[in-house]
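Undergrad: Given next are the chains, with one letter for each unit.
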Amino acid sequence: MHISPQMIGLVIAAVLLLWVISVFNALVAMRNRVQNAWAQIDVQLKRRHDLIPNLVEAVRGYLAHERSVFDSVTQARAQAIAAGANLEQRMAAETILSGALGKLMAVVENYPQLRASENVQMLQEQLTSTENRIAYARQCYNDEVMKYNTTQSTFPRNLFASLLGFSSATMFTAADPERANVMAKI
Amino acid sequence: MSVSSSSVSGFDAPLPAGQRFLPRDRESFFDAQARNRRTTWRLSALCVIAAVIMGIPLALVVTPLLYGVALIVADTINLFSPLSPAFWRLANEIARFGIVAFESLLQHKAADPRTLVLGTAVLLLPGAAFSVLLWLGINAVFRRAGVGGALLALKAREPNQGELKELQLADVVEEMAIAAGLPAPRVMLVDAPGANAAVIGTSPEDARIVVSRRLIDDLNRDELEGVLARLIASIGNGDLRIAFRVTAIFEACGLLVAIINSPFGPQSRRTLWRIVRCGLSGSGNNPQEAAAVADLLTRSVTLESDDIDRFFDPTTKRSKLRSRRNFLFFPIFFTNFAVKLSLWFFSGLVLGPSVALLWRTRQYLADASAVQLTRNPDGLSSALQRLNQDSGEVPGGGWASHLFVVDPKHSGRMALDPATAQQFRVLAQAWDVSAGGTSQPAQDDAAKYKEASAVFRAAVMGDTGAVARIHAFTQALSVTNPDLAAKIPSPADLAALRTGDPAALVRLRALGTVFGQQSPRRTKTQEQSPDASSWSVLGFHPSLKRRLKRLERMGAHIKLEASDSKTWIVGLVFGLIFSPFFLLILALFLLLISIMVVTSMTFLVIWLAFIHQAFALIAHH
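Order-wise, the sequence lines are chains Y and U. Sequence positions in the first sequence follow the numbering used here and run 1 to 186. Sequence positions in the second sequence follow the numbering used here and run 1001 to 1621.
Just chain U, with the same shape it has in the complex:
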């Protein structure tokens, strides 16, 4: 029993050459957790400030709209049963305060502080209250809907306990839950092409762990433990609630846009109606519907291709009545644009990045907590490295990308959804067979696709070799998949195309769409499905390097290549050169937003006065 203390503790072990860590750079996972918790508090404060900053222009725009709705309702009631003069006096008073504040804002007119404060309240409070109500409403609707819809969207299934790997997964989940002192969450499997895992849910009680089947195939037990410890630690830290509230903010923004768009287009009205139905239907009645609505809401803020464009599209024919309606709605157009512009600007540059930073801190915290659970930082670090080598794409998981262990949108390698990938493989195989060893076959799928399209182009131009190749390809394909082979144009078609036969052209176009769907390029557009991070210029996932560095400080053994200081300096220089331009652009945007807000308010006031007068005229008669 010769026990040498140095081999046990490693304190006296010789330092490897080029070692970057001194003992003081080490950090225990308890310290790391405490540090990240403190940072969370600071960043939460930042988020609240960002939300307030974003709320001011929004409230300024929304408030007059609310007054407008109230005024129209009051006027309509007044038509049938006249309201008391006291009500109109109150309305006048409110309007006066608002106008005083508005004027002092625009023309720096002096006013006594009390009127100014009251006026600001009149201008801001209803809009702010409305936004908060929207947020609370969204919170309530989606909390009731639960996570069932998300699981359906992901096509999640229960693990099969009779299979070794899936049994291992269920075991590891149980072990990690025991280590964290939590009830074990339910675990679901997704047969997705990417290796990734996520925890979804609204609270620790209904949390589900979703793991892609490839993850358990790719990782060994230690790595699997690391990943699941991270997910379960995230549940224990209360990240689900934070994520839920954060997504609710963005969904509320989407709802606001939908409400403001609703006079203009059927699309937004349909979305609104679905939300209302979702809110009214009983608890968890229709989880799928809730997921669909969440998807719609996160999508609806994109500035282009809106109902409103179609509405004001000058090319569509419209009747006299319609053009009058357009005239009537014209002020709301400004409001609409002001809301969308300020949402886009402030959420992208102010609220989004602060939320992203907050979420990154939570991820670091979860990593540190995972180390506490497994006491094995190497498991998590090597798992992260391996997961980042490959695409972590999980179809149907785009909206919840922030809940995954690694960013599901990062493109390590091309990944296709299973059906398309299968079809693509058949095509690629046939292509290889048809090559017949004549030429050097292309190695990866993307290169094959490129080669195939080049050969097709050559065949259309009349290259006989290319035509022969396509013939061989069609024959090889008809062995494995006759349906697909039927879609390949015959050499006769290609010849007809050269002479300009329109029918052949149509057939070739159809082929192009078939192949277009199967080309690896298509997945790029698939990746751009909307999610919370599309609201921010800053991603919600910290970079792999930063995460590994933190794990290394907690004791993981990682071979990181030395960071390139040159690129850092180049970036700094570029930043310094371009920062004035950026600032200028920012200032211009702010100016544009304030102009839009003021224009919208002015138009709305005129519009309201107009409508009120119209009502007064009707009442008079």
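Excised from the complex, chain Y in its bound form:
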């Protein structure tokens, strides 16, 4: 069987094309995962907004004299919802909300007989879980972004990734007030 140079060229071109197609598909899948992870953060934030009224209601009766804490929680929630699509404002408001909820938990910790009640323990668990969910959603987003960015910016994929319309995604970073919090604790 005679192998002509044209045929070799054709085979190489076909293999290259298949490779480009597979890279393109993989990048699309990764980009979708990044978008999904981003949406997941939103979902979890929304879930927290929906949960807060119930949570506050559950302990308000026990802690009637700690009004300021409840007010700050409700206020932060209202601000976060009002911020709407404005990303920067919203993230700042969410951070304040996290802080307010943390303060509420700290107040609950101060009342031993309250801490022992099953209801309050359930509430604590729900708050912990809510905060964890948001943190894990952010972590997942960052992991996906890292995977996607590494894939689309390493050689030789970087040669044509931007031509196909893939640009690197940005990581989620803690807002300044949050980081300042951590620094203050240290």
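The hints are simulated quantities; they were obtained by calculation from the structure and are not laboratory data. Careful: at least some of the hints might be erroneous.
[Unchecked claim] Quick list of simulated restraints, FRET-style, between CB atoms: (1) Met171(Y) - Ile1049(U): 41 to 47 Å; (2) Leu1164(U) - Ala85(Y): 34 to 40 Å; (3) Leu1164(U) - Leu164(Y): 47 to 53 Å; (4) Asn119(Y) - Ala1458(U): 55 to 61 Å; (5) Pro112(Y) - Ser1028(U): 41 to 47 Å; (6) Ala1034(U) - Gln35(Y): 23 to 29 Å; (7) Asn119(Y) - Ala1034(U): 43 to 49 Å; (8) Leu1590(U) - Leu164(Y): 51 to 57 Å; (9) Asn25(Y) - Ile1049(U): 30 to 36 Å; (10) Asn54(Y) - Trp1568(U): 33 to 39 Å; (11) Asn25(Y) - Lys1559(U): 46 to 52 Å; (12) Glu1451(U) - Asn54(Y): 56 to 62 Å; (13) Phe1244(U) - Ile21(Y): 26 to 32 Å.
A virtual CB, placed ideally from N, CA and C, is assigned to each residue, including glycine.
With chain Y held as given, fit chain U onto it using these hints.
TA: Frame of chain Y; chain U shown alone:
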């Protein structure tokens, strides 16, 4: 705001004495995952090679059997409507190729390469195709059946969201699913005595997480997160599909044995019939049935106590017709034995260990992925340590032991199933009460059992103190559980026994069976329920030490005792001394298998010729 960088990063922290890790020994969880993924590929290749090696003797044995079935069918059709001569010419041709290859294999007769290749194909292909078909069929049947049967076998229930611990479990599952970017799998609880957890399912879509209630009681939130992250990471890594295919290999082997046994015994025929029914019934119609069949299949490869033994049992009476039938089936006996022997040998020493290694790699990968999800290697490591301290036994979970976080069969402490454990506790309490502070009471249950049986023996021998003790025991027991107390023999019974009264002996025997069921020893046999790992000399679960070591490299803080290098050296020396014997035994086994395969083939060929001639005679008349 005085921030010292050393306290944050820990880089400049003084090293503790005797520290074994240098910075280069550290491994990020991303690196660990990549390494384990690469190893998976290598081990998958090894598994494929092992499967091929195991397939060769099997195909050699099964192929003639298939030809035999085809020949009998063709001959029967030929009786009623003669087949075209072209068909018989083709059959002759195939037979000729096969015999040429067979002879060159046995007597090193030279043959031209083309005939040899064709002959090998004739000898191997039908059997190989048959085995692959079996595997695919099993795959399809069990995929359709889903996981419902397994959940029923485990007696799994939904968690109660109104209860703090169970709410926590549901929350942690959700959190970990979010961290992994997966839809949250459903979580089920099992009220088992052991602390363990597993993920079962055939694909990420129908994956279920099964957690024993004791696990959530024993572990704190961080540890629970570690365990569930590991399970969910395992789903995300696609382990379910691997586990499913792997078990299907072993189930296909079991099915092969059942098919080959089916002429001999009702047991295998019943199993076969159940599988067929399972395959024909609609999707997920009868999940319980599927689980039962899976259990039967993994069991059916054990070499002893088979239908075939009963069939050739010389002690059973049989008619003339039956002994003739035995004579007719005699060649298949060799086939049967050859198949079972090669399955047992190759799956135990070749395929089983490679699959076990592959599965261990997947477990390490899942551990590393769990660290990625929680960013807290300490949670998983302390959970693993705690789970390994106790028995992780989960009744009904034996067949899926490879899917659990820790090996459910390891015996940290004795564990009984709840009902028996409860009864045993009643007995133990009564025993303590009856002691009345006269003697030092035995501490744990096993010691109590030992003491009780010694006292019973003494009572039978006529020791008055022992008789009094038993009397006190019976009375204490009749307060808490009169039913059980009624089963304890009275002193009069014991006296009668000494004089050799057979009725008393019978009663005491009955008592022995009651107590035998409740002794901790019984659970040992329960633990030996069949599962995929019974196919391999190598366990499917990596040792705790290895897992912890890998977690330590990813940053977990573990206090491991320094490994004892002496035992290692002793093991090496023993290995060196005994390795020639092992090799000899291996060679002998291989020889035995090849002899069995050749004998089986020879007998089958003669048998086929015999049957074909018989048909020809009938056709002639």
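Undergrad: If you check each hint against the structure, which ones fail?
TA: Failing hint: just 10.
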